[in-house]
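Chemist: Next come the chains, spelled out residue by residue.
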Amino acid sequence: MSTKKSILKKTVLAGFIGCLSLAFISCEDNDNPAPKSAGAFFLSVNGETAEYIIQTDNLETGDLHISSNNKTLLQSGHTWIFNDNPSVAVGLIYQQGDPGIGLGFGVDAEGKLKELKNFLITSRYTSYGFFENYALTSVGGVTPVDGNGNAILDENGNERSDGVTFNFIDLNNNFALQGKTITTLNITGNGDQATLSGIVDMGNGEFLTGLVVSQPRDPNATGGASSGTITYPDSVWVAAFDANLSLKRIYRDDRISYSSGRYRSQYYSQMGKAADGSIYVFSGSYESTTTKPCGALKINKNATTFDQSYHFNIEEKTGGYRFRKVWHVSENYFMLELYNDDKNTPVTVNSAATQYGIVDVAAKTFRWITEIPAKDKITGTGLPMAYEGKMYFPIVEEDKYPAVYIIDPATASARKGISITGATSLNAIGRLTYQ
Amino acid sequence: MIRLKFYSCILFISVFTFPVLSQTHKASSEADTVKHDSLDEVIVLGKSKVREIGESAYNVVSIDTRLLHNTTLSLTQTLDRISGVKIRETGGVGSDSQISINGFSGRHIKVFMDGMPMEGFGSSFQLNNMPVSLAERIEVYKGVVPVEFGSDALGGAVNIVTKQTKNTYVDVSYSYGSFNTHKSNVSFGHTAKNGFTVQLNAYQNYSDNNYKVKTRLLEFSEDGLSALGFTQEKQWFKRFHDTYHNEAVIAKAGIVNKAWADRFLIGLTLSREKADIQNANVMQIAYGGRERKAKSLIPTLNYEKKNLIVQNLNFSLTANYNITRNNNLDTLARQYNWKGEYIPKGSKGEGEYSMSEFDSKNVYVTANMNYRIREKHYFALNNLYSNYTRKATDVAANSENSTAATFMRRTNGKNILGFSYKFEPGKRWNASAFFKYYEVNVRGPVSTTTTAVYEEQEKSFSTTGYGVLLTYFLSNSFQLKTSFERAYRLPSERELFGDEVLETGDASLKPENSQNINLNISYSNVWNSTHSAYIDVGLIYRDTRDYIRRRVEQNRGGAFYTNHGNVLNLGIDCEARYFYKNIFSAGGNFTYQNIRSMERYNANGALDVNYKGRMPNLPYIFGNLDASYNINNAFGKGNTLSFGYNLRYVHSFLRDWISEGASDDVIIPIQLSHDMNLTYTLKNGRYNVSFEVKNIADEMLFDNFSLQKPGRSFTVKLRYFFFNNNYK
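Protein chains in written order, with this note's numbering: chain W, 1 to 435; chain D, 1001 to 1728.
Calculated lysine-lysine pairs in the DSSO-like style (CA-CA distance at most 30 angstroms, straight line):
#1 Lys180(W) <-> Lys1234(D)
#2 Lys1193(D) <-> Lys1305(D)
#3 Lys1361(D) <-> Lys1274(D)
#4 Lys1339(D) <-> Lys1274(D)
#5 Lys1339(D) <-> Lys114(W)
#6 Lys1612(D) <-> Lys400(W)
#7 Lys1212(D) <-> Lys1339(D)
#8 Lys112(W) <-> Lys1234(D)
#9 Lys1510(D) <-> Lys375(W)
#10 Lys1612(D) <-> Lys71(W)
In case anyone wonders, no lab produced these hints; they're calculated from the structure.
Take these sequences, add in the hints, and give me the full structure.
Modeler: Structure representation (structure tokens):
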């Protein structure tokens, strides 16, 4: 232990020296005061077949060629998520019934990209996020087993499908991965089961996740998703779990529909924490049977119920357009990905959504983002990064290379940043710092 | 007589008997007149067919595989030794293998058995598990495919010709080798005086495939609850879950030489296989319980009549009905590593929980008619009809992607009509032209509204292909050949329909198409009846366009299929061989193919940085060398002791595009391996004992990125062969 500590000390010291020298150099080069600690932007891009990692210091302007990449990945199609402390990029992957090789990246004292670990993603995931020192994923609709590995049966003798499997990826322990499965039958007391959507760390040893409460999936039907028929489309449930996956409480409300963005088999998070620590629970009103307009509710910091005084009817502000994805930008600003057709066209698991807007959840305002490509020209987007109050959003426009659009949430206007020559997609952007 | 012996021995020695040895023609015509009751004759009699194919204008290689019956090669491994052909295997016995001909693979080439497409036979009855002794001859058509093979192959075809002799034979063999590999084969044929004929062929393969591989280990925590990630260092592990077995019986019975039929056979093929799945498509992911199973039942019918109604009008008809079932099993709630250790999982399935079962049924009917007028004009008409039905029968199928429509019927009816005309004014040259009319009719579920309601719909699609061929004999030694084809591959039902929920079909898709040009020159000669040699050089040109590929565009929601891509291949295939009497032979082949993307824009419409770049993940330089030495009458008259050596070389290649800056981390390294064999044949081939060593140097071999193939192996094979000429 003491050896570990001393190594840590040495690394920190080395890093400190590294930073100092970097600072010294940058002081010589220009007059930038107080340079930031060593860090870099981390980009995941796809070429024709492979996925590559590119490191850069600049997202603001210019072109970067795909061949300037730092690494060719073994597998292609990772979902990237970025954590601040420790500062790591986690690449999740799971394809066609095969486990995938997950990746962990950081930067060294020189701000250079560093591959930390390869680990095995043992279960499929449809939702993901960070909780304490874990990257956490979940997937619903799995067949749970008993201690002997035999499927747990329902009263009719059929295999149950109400299991939710979590992967706990320990960022402080070399990406050690532990799978845990819970059952969700009757989790809300109405006999239904649940698929989980989104992971928000409450900061008090618990995390919140949206529940998509449904009947068991009809094994003969449905399209790609783990949910069956939604019995209560006009209610929202959010569960709080602790690190042992003990259910602490359930938040329930009838002012909005469930909180999840559905795309193919995925359940995108529609929750986010604002700068003041309160958690906003959005609902894009995916379900065609819901009577509730898309909107948001609030859970104040450490509160055990929804804030009954807060309801934001977003649908009336968007002119009838509903949304699929939600990301926090800064302060009270959230960015929404909206469907291209308004609510009069039924939404399915593969409806197109390439319109974007900014909401201010405190002021309850909505603005369409301007100066980005037209919705019918956007052939792909990537994971955006909130950085220094702005949103850095990768967009692929028809006939063009992927580019980063830098969005100012206050004005909802964008400008074009760097583009990646030769890439077919820009999957994710994150910032990694040496700590 | 001496001549005969000499040439038959050439055939015996050479690992491959290429068709360009014009002298062997004389030998075979002599053989026709000589009554000779030995194995030599069997081989020589068949030679004329091999020779005939070689003299055609097609860029074709025809191999007399009877010379390989003492080896333990599978049919795919045999193909791997042909110029321009590359086999890529993912592992040991029974592993997936992909055939590529001049850069084309997968759906772009077609494999036939006696002229019947093998795609419907199921995985339990495919080339990678068939013993070489099943075939009498293998024909590989590169680029231009004759109309007799009704197919929408873009870039070539392989035809396996099985034994069709009217003589009586018994061929029994058994081999045992490294990794607990057992293979056996029994084949029997008899034709009675009254014309009743029966043919039976049965084979079996078994292997533990427990060879060693070097990969990274997934470590587990001491409490057995967590996976700690992969080690940085690679270590050696013995494969522990890769047992494969496969059995097949092919039976045919019928009559020959009747007024109404030269040949009428009814047959039944039964086959099954079971394979453990050891790893994912990246080798460091290990499994301990996943399996796949397949079985197939294939009734067949075969009818041939020469001089039907009028002189020189020949007719044949073949029909197959293929019933196959495939199972994929992944039920263990465990996570394995390469040590064979595991930690428990809270849910079913090492990968995705599956007990899926897919049934498919195919009908293939091919009819061929040809007519010759005054030895100069030759007409052929061929029609292939196929109908394919696939249905998932188990609801636990693919839980992620299954939809109501997954369980609906899909059918794919295809008809390919071919017509060819050949003009042969004399021995010096001949020319031909052909047309192929392709038609596909698909039926399947289509989503009629946005709310996943399906109804069965039907769509049709047709196109026309054509080609010309010419061959010219400059002298007795030199032959020139050239051929051109405009070939098509029709869209599949999936491409036309999509998968209903996540993919949308597109009826406006164009067929994938290719313009193929071949130019071959060959030389062969014999000096003093002691030395003989031949050389064949082939130039190939393949311009392939409108690849059908799947694409997702966010503004369109789901995935769809689109035509995109233009690939040009300029290549050269060379073969050379030398013989010294019936004692020594050496030969080799070499292929270089310059396969480049000629697409200026990527699928999104932006300039493609890979324009003119070498296509990744394709071997582009490869070759083989072989030599053999015979000691005739060793330890007794009529006995032969043979030594054989074979070298395989494949140049390294990148998995991804170099123009995108793909790194050397993801490379398929150089493969250089050596095989040797020693065969002792007694009593003119009646008793045979062989000993083989493969991969002598125990090299780490890869055909695909990270998927390591077996190291050094030893095999002993015993074989008994009895042959009786019923027509003496």
